[in-house]
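Taken in order, these protein sequences are the chains called E, Y and Z.
Counting in this note's numbering, the first sequence runs from 1 upward without gaps.
Counting in this note's numbering, the second sequence runs from 1 upward without gaps.
Counting in this note's numbering, the third sequence runs from 1 upward without gaps.
Treat the hints as calculated values from the structure; they're not laboratory data.
Using N, Cα and C, we set each Cβ at its ideal position, and we do this for glycine too.
A couple of the hints might just be wrong.
Claimed, not checked - Cβ-Cβ distance ranges computed for the label pairs, FRET-style:
hint, chain 1, residue 1, chain 2, residue 2, range
1, Y, S230, Z, G41, 25 to 33 Å
2, E, L287, Y, S230, 34 to 42 Å
3, E, L44, Y, G198, 24 to 32 Å
4, E, A195, Y, L317, 37 to 45 Å
5, Y, L240, Z, R221, 36 to 44 Å
6, E, T191, Z, K109, 50 to 58 Å
7, Z, S127, Y, L150, 36 to 44 Å
8, Y, G281, E, P217, 45 to 53 Å
9, Y, G241, Z, T329, 20 to 28 Å
10, Z, S219, Y, L240, 55 to 63 Å
11, Y, V314, E, F37, 26 to 34 Å
12, Y, S230, Z, K109, 45 to 53 Å
13, E, K65, Y, V314, 40 to 48 Å
14, Y, L150, E, L287, 17 to 25 Å
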Amino acid sequence: MAVAGDHALSTPVSVPAARTARRSLLPRPRPWRHAWFLETFTWLYLIWSIVPIGIAILFSFNNGKSQAAWQGFSWQWYFTDPLNSVLHSPELHQAVIQTLRLAGFTTLITVPLGVGFAIGIDRWRGRTSSSLNFVMIFSFVVPELLLAVALMFVFTQLITAIPLGTNAEVAALVVWNLSWPAIIVRARLVTIGHAYEEAATDLGASRLQAVRRVLMPMLMPAIFASAVLVFAGVIDDFVIVEQMSSNAGTQPMSVLIYSNVHGGLAGPALNALATLMLVFSLIVAALGYVAYRFMTRGERGNRGEALTSIAGI
Amino acid sequence: MTTAVDNRSGDPGAHGRGRWPVLRRSAGRDGRSAAPPERWGLRALWVTLAAPGAVWLIILFVVPFYVMLAVAAGSVNLLLQSPVPVWNPLHWSGSSFAAVWHDIVGPQAFLGPPIVRTFVYTAIAAVLSLAIAYPVAYFVTRYAGRRKTLFLVLLIAPFWVSYMMRMLAWIDLLQQNGYVNRVLSLLHLVGHQVNWLGGEAPTVVLGLVYGYIPYLIIVLFAGLDRIDPSLLEAARDLGLGRWRAFWRVTLPLSKSTIVAGMFITVLPMLGDYFTNQLLSGTPGTTMIGNTIEGLLQSPGQQGQGAALALLLLVVLLVPMVYYASATARASRENI
Amino acid sequence: MAGGHISLVELKKRFGAVTAVDGISVEIEPGEFFSLLGPSGCGKTTTLRMVAGFEEPTSGAIFLDGSDVGRLPPNKRNVNTVFQNYALFPFLNVADNVRFGLRYQRLTKSEVNRKVGEALDLVQLGSYQRRRPGQLSGGQQQRVALARALVLNPAVLLLDEPLGALDAKLRRALQVELKALQERVGITFLYVTHDQEEALTMSDRLAVMSNGCIAQLGSPRQVYEEPTDAFVADFLGISNLMEAVALGPGGGDGLGGASCRLKLGDFELRATCGALDALGDVKLAIRPERVQLRPYGDTGLNRVPGMVERVVFLGSASQVLARLAPGATLHCLLHNDGEPVTWRQGDPVSVELPPDALRVLPNGSATVKEIREETLGDEPPDLAGSAPQPSGRLT
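Here chain E stands alone, though its shape is the one from the complex (with noise of 0.2 Å):
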C-alpha cells in the first residue's frame, strides 16, 4: 500500500528557495517532510513499552534474591538453585506443567470447535443464527471477571460433577477463547467468499466435498493463526483460571506469580517464571508465522499479512 509522506516524495521541488528560506526568519514548511515529532514520539513509547520487560527479563537471571538491585548474573532461578529454581522446585516445575497442560487441552478443544462454528453460522441464514453470533461476539466484550464468577458458580453450584481444578479451568477457557477461531475465520472465510466453491461444484464436486478440499485449506492460515492466538492466551490467563483453580496443584505460572508478588517466593523466581511464559508464546507465535508462511507460500500477499494475521487484526 502506498504510504502518504514515503521518503521519494518528499523532494520538494523548490530545494534552492527552501535552503534560502531558511535562512529567513520562517522556514517554509515543506508538505511531506518527515514526521520528526511523532517518530520521536514512537520510539518513547516503544522504549515505555519494551524495555521494562527486558529488565524484568534481566532480573530472572539476578544472582540474588532482589528485584530491584543487580547483583550479577547467575542461572540460579531456572535450574542451578537445588531448592528454588524453576526445574527442581516442585511449586515452580507443577505451574509449569500446568500452564502447558491448560493451554493444549484448551486449544485442541477449542479450534475445532470455533472454526466449525464460525462456518456453520457464516452459511446458515437464519435467527437462530444470528442470534448465536451476536452471543458469541458479546462473549468477546464481556470483562473477564463477570464471566469468571458466573462460571464459578456454575461448577459450585449447578454442574457439581465437575469440580473446580484442571478439568473446570479447561472448560472456561475453551469458552473464554472460543471467540478467537470463531471471529478470525469468520473474517476469513468472507473474504474468501463463495467463488472458489462454486468453482469446485462446478468442476464436480459435492457441497461437503467442497468444504473439504477448498474451503478447508484456504482456511488453514487462518485456522492456525487462531490457534496461536488461543495458545498464547491461555499462558496469560490469569482472571478465570483463578476462579477455577481449587489447590495449588492447579496453579499456572500466572496464578503462581500473582499470589506470590507480595511475599512468597523469591522475587527473580517469579520473573524466571514470567520469562518462560513469555518464551513459550514467542516460540508458538514463530511457529505460526512460519507454519503461515509456508502454507501461503506462492499466493499474492504482503509479508505484513502473516504479522497482522497472527496478532488478530
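Chain E is fixed; fit chains Y and Z onto it per the hints.
Okay, now just chains Y and Z, sitting in the frame of chain E:
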C-alpha cells in the same frame, strides 16, 4: 426476436442423479417451486458444524449468568455460610441486592468510593491511552514507509508478553530501591525514596495504561491502516494544510475505529482488579473488581458479591450490546 | 458425447423485490459461440449462473440436450464455468488445479496426467504445471481456468466476463485466441460480457439484454446493422440517434422498394430500413461510417446542412462531429485512406444520410419492462467483500 419453445419430450433420466426433486417443466407457468433449497446449501451440514460450539457457548456462557442471578437472588446457608441459589424466579429475594445497594448509598456505605474510583481511574487511563496510542498508530501507518513491518513487530511484541510479566516489570522498577527511584533522585526530582507500590493512585492508573494500551494500538493501527491514503492526498491537493487535513479528513474517518478501541479498552478496565492488587494492594486504591473479589471470599457474602457483579454487568450492558450488534452488523454487511 | 444444445424456456429469477431475469427464452445450437451482451444489471450474469446451477430459477426451465437440468446441482450438470476472477485454487499448483475435477471421473492416474498435459498444451501453458496461481499473470490465470474447465469435456462452457480484468491489448489478443479455441474444441460457448466489441468479434450469435429481457437476438451483423430498437442501436457502437417524425410510406422516388418519408426538423428525408410503416414520433439511427460529408451547398436526396464542431484524430480513422441545422449532433467516421482530412472546426458542411443506411426505430423500446415495486423479501446475492476486523482482546 426471442423464440418460444414448444414442450419437449425430454428424458427424465436426469432426475435420478440429482438429489433435488425435478418439478414439472413449467414452460409458460409462473409458479414457485415447492421448498426452495437455499442456494444448494445443505442446511443440516451447517447446523452440525456450528452445533458443538453453540452448545458449549450456551451451557458455559449463557447459563452461568442465570446461575449468578440465582445466587444473587438466593439465600445463605447460615451454617456453612455458603450461598444457596434459588432457581425459580418466583422465589427470588432481593435481599442481597438491597444489601449491596445499601452499601453503596446507605448511611454506612463503603462501596461508594471504589465505584467512583473505578470510573475515574478508567476514564483517565482511557484518555491517556488514546493520547499515546493514536499518534503512535498514526505514525506507523502513515509515515513508517519501509520500516512499517519493523514497527508492527515492535508494537505487537507486548501483546505476546503476558500481563503478569508486564506488571512484574514495573513492580521491579518501582521498588523502593528500584531504578525509577534511582533515576528520579539522580535528576533531583524527588528528595526521598517514594514508595510507589504502597497505594499510589498514579501507579495504578499508569499500570492500567501500560497494561491495556497494546490492544488499543493494534485496533487503531488496523483502523487507520484501512484509510485510503489517496483521500488524504486529495485533501492536501485541495489546499488543506497538514493539521486541517488531519482534522477534517483523517479524524472523521477514524472515528469509528476510536470508538471501537475505546470499547475494548474501557470495558475490561472496569472489571480489572488485579492491576490494583499487583501494583498497590492497599484499600485506598481498590476498584469494583477488588470489592467483588472481596465479597466472594467472605463467608456468607457471596450472594452480595454476585449481586454487585450483576450490577456491574447491567451498567455495562448497554455499551456491550451496542458494540456486539454493531460488530455483528458490520460483519454481515462486509464493512 | 451430447452436442451442447441449450434451451431456456421462460426463465425467470427474482431476488425479493428485484426481478433480475424476466422471462428469457432462447435456443442455443450445439457448437455455437453465443454471447449474452448487456449493461450491468441486465440479468446476463444471473442467467449464466442459472445455467451453471449456482442460482435456482424462480420459474422456467433449462434444458441441456433435452434433459431438464434446472434443479440439478452444479456438480451434476455437464457444464463448466470460467469465472470472472478465475477462482483458481491458490493452494494448488497449476497442474493440480486442472486435475481437480478429474477426480470425479473414473480414470487411471496416467490417463489423468495425460489429460492434464493435453489441456495445458491446448492453452499453451504446458510448461507451467508446477507454478502456483499467484505467480501467474492475469492472462495466464485465465488460460489455466479455461484448461481446468475444458479438461472435463463439458457439453457447454460458460464464461462470465473472463477478459474483464485484463488490459486492452491483451484482451484483444485473447479474444482471437478464445474464438480459435472454441472452433478447435467444437463445444458450445455461452459467453457473458458488457463489452460490445468482444461480443461482436467472437460470437456466432448474440442476445442483447436489458432489464432482464432479451432486446434482440441475432448474428453480430444483424444486431449491428439492423437493430430493432433504440436501446440496441445505441448499445452497439454509436448510433447517432435523432428524433424525427414519420409521415408515412413514400414511393415513386426512385428508391426501389418500400421507403418511409420523414421530417427531421424542417428537412424531408427518406429511409429504407427499419420500421417503415411507423407514423408519428420515431427515432432515426445511422452508423457513423455511413454518414457522408459533402461540400456545403451540395444538393440531392437526404442532404442536411450543418457545421463541423470538432475533428478528432483516432489513428486509423478520423471522427468528425457535425451539428445539423435541426439541432442534432452526428458522429461521422472517415477512414484513413492516406488523404489528410480537410474538414476544420467551424466549416459549413452538407451531411448526407444515405436512405439505405438510415434506420427508422419505433419510439420507446418495445422490450423495456418496469420493475415492479414489491415488499422486500430475501436478500440479493451477496458479493465477496472486504473482511471485518476482529478487534483486540479483552482480558
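Hints, verified against the model:
| no. | hint | result |
| --- | --- | --- |
| 1 | S230/Y - G41/Z: 25 to 33 Å | holds (27 Å) |
| 2 | L287/E - S230/Y: 34 to 42 Å | holds (38 Å) |
| 3 | L44/E - G198/Y: 24 to 32 Å | holds (27 Å) |
| 4 | A195/E - L317/Y: 37 to 45 Å | holds (40 Å) |
| 5 | L240/Y - R221/Z: 36 to 44 Å | violated (55 Å) |
| 6 | T191/E - K109/Z: 50 to 58 Å | violated (35 Å) |
| 7 | S127/Z - L150/Y: 36 to 44 Å | holds (39 Å) |
| 8 | G281/Y - P217/E: 45 to 53 Å | holds (51 Å) |
| 9 | G241/Y - T329/Z: 20 to 28 Å | violated (45 Å) |
| 10 | S219/Z - L240/Y: 55 to 63 Å | holds (56 Å) |
| 11 | V314/Y - F37/E: 26 to 34 Å | violated (44 Å) |
| 12 | S230/Y - K109/Z: 45 to 53 Å | holds (51 Å) |
| 13 | K65/E - V314/Y: 40 to 48 Å | holds (46 Å) |
| 14 | L150/Y - L287/E: 17 to 25 Å | holds (21 Å) |
Checked against the numbered hints given earlier, this structure breaks hints 5, 6, 9, 11; the rest are met.
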